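From just these sequences and the hints, can you work out the full model?
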Amino acid sequence: MKATPQMTKELRDRTGAGMMDCKNALEEAGGDAEKAIETLMKKGLAKAAGKAGRIAADGTIHSYVHAGGRIGVLIEINCETDFVARGVDFRAFVDDVAMHVAAMNPGYVAASEIPAEEIERQRGIFRAQQEAAGKKAEIIDKIVDGQVAKWKKERCLLDQPFVKNEDKTVEQVRAELVAKLGENVAIRRFVRWELGEGIEKRSHDIAADVRKMMGEA
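Residues 1 to 217 in this note's numbering are what the sequence shown spells out, letter by letter.
Please note: incorrect hints may appear among the correct ones.
What the hints assert, rightly or not - Label pairs and their calculated CB-CB ranges: (1) G31 to P115: 43 to 53 Å; (2) G72 to D141: 39 to 49 Å; (3) E10 to I125: 47 to 57 Å; (4) A137 to E10: 27 to 37 Å; (5) M19 to G72: 39 to 49 Å; (6) D145 to H62: 34 to 44 Å; (7) I61 to A133: 42 to 52 Å; (8) A137 to V191: 39 to 49 Å; (9) I140 to E10: 26 to 36 Å; (10) A116 to L74: 35 to 45 Å; (11) A116 to I199: 23 to 33 Å; (12) P5 to E34: 18 to 28 Å; (13) N105 to M1: 42 to 52 Å; (14) E38 to I140: 38 to 48 Å.
As the list claims (entries may be wrong) - In silico lysine-lysine, DSS-like type, Cα no more than 27 Å apart, as pairs: (15) K152 to K168; (16) K150 to K136; (17) K153 to K135; (18) K164 to K9; (19) K35 to K136.
Honestly, the hints are just simulated from the structure, not real lab data.
Nothing here was measured: the structure is a model prediction, and the numbers come from that model.
Here a beta-carbon is modelled for each residue, glycine too, at the ideal position from N, C-alpha and C.
Printed below as a string of structure tokens:
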């Protein structure tokens, strides 16, 4: 199927990819825009990987306060140039990631930041649980390895399903932005505060609040 100029323009508006890239992706996908986007993402992610080693020392430190002042987040996200740092796409990503941190409460940016002693402590907890459940010794290690891998993903920001689109991880969203902007973007660090943290109080689903806000927007 031949892609029309209108179809190509709409895909370009949605993805930020070049006109010829959009045209070729549409024709390869038989005119299916969603499949074309998937094709562009795969190619874009490959481009993003090539930018991962480039120094990103510009960017912004951004604060986000959840509705009602219950949750506060301070986050640093870097890019390569001040021009990109002032751009709408970068700023929107920063705000979205800060909101994600407020909602999902990750402990670390990436798995490489988790201290070895914390991993071993958690491994010991999982092992004790399996032993208490009467699992055979020869399969416990395999089960515990799987549990630790899952626990790491749940604790790390980049591996968590993105709060605004759970079909993608935060890392996938970051990589797509890198492909779109043409320069490296790195989530460096964050801190998160919750009102009354450490004081016993009723639990509250912040993620549900965020999704409700999105639905009302």
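Which numbered hints does this structure break?
Hints 4, 9, 10, 19 contradicted; others consistent.
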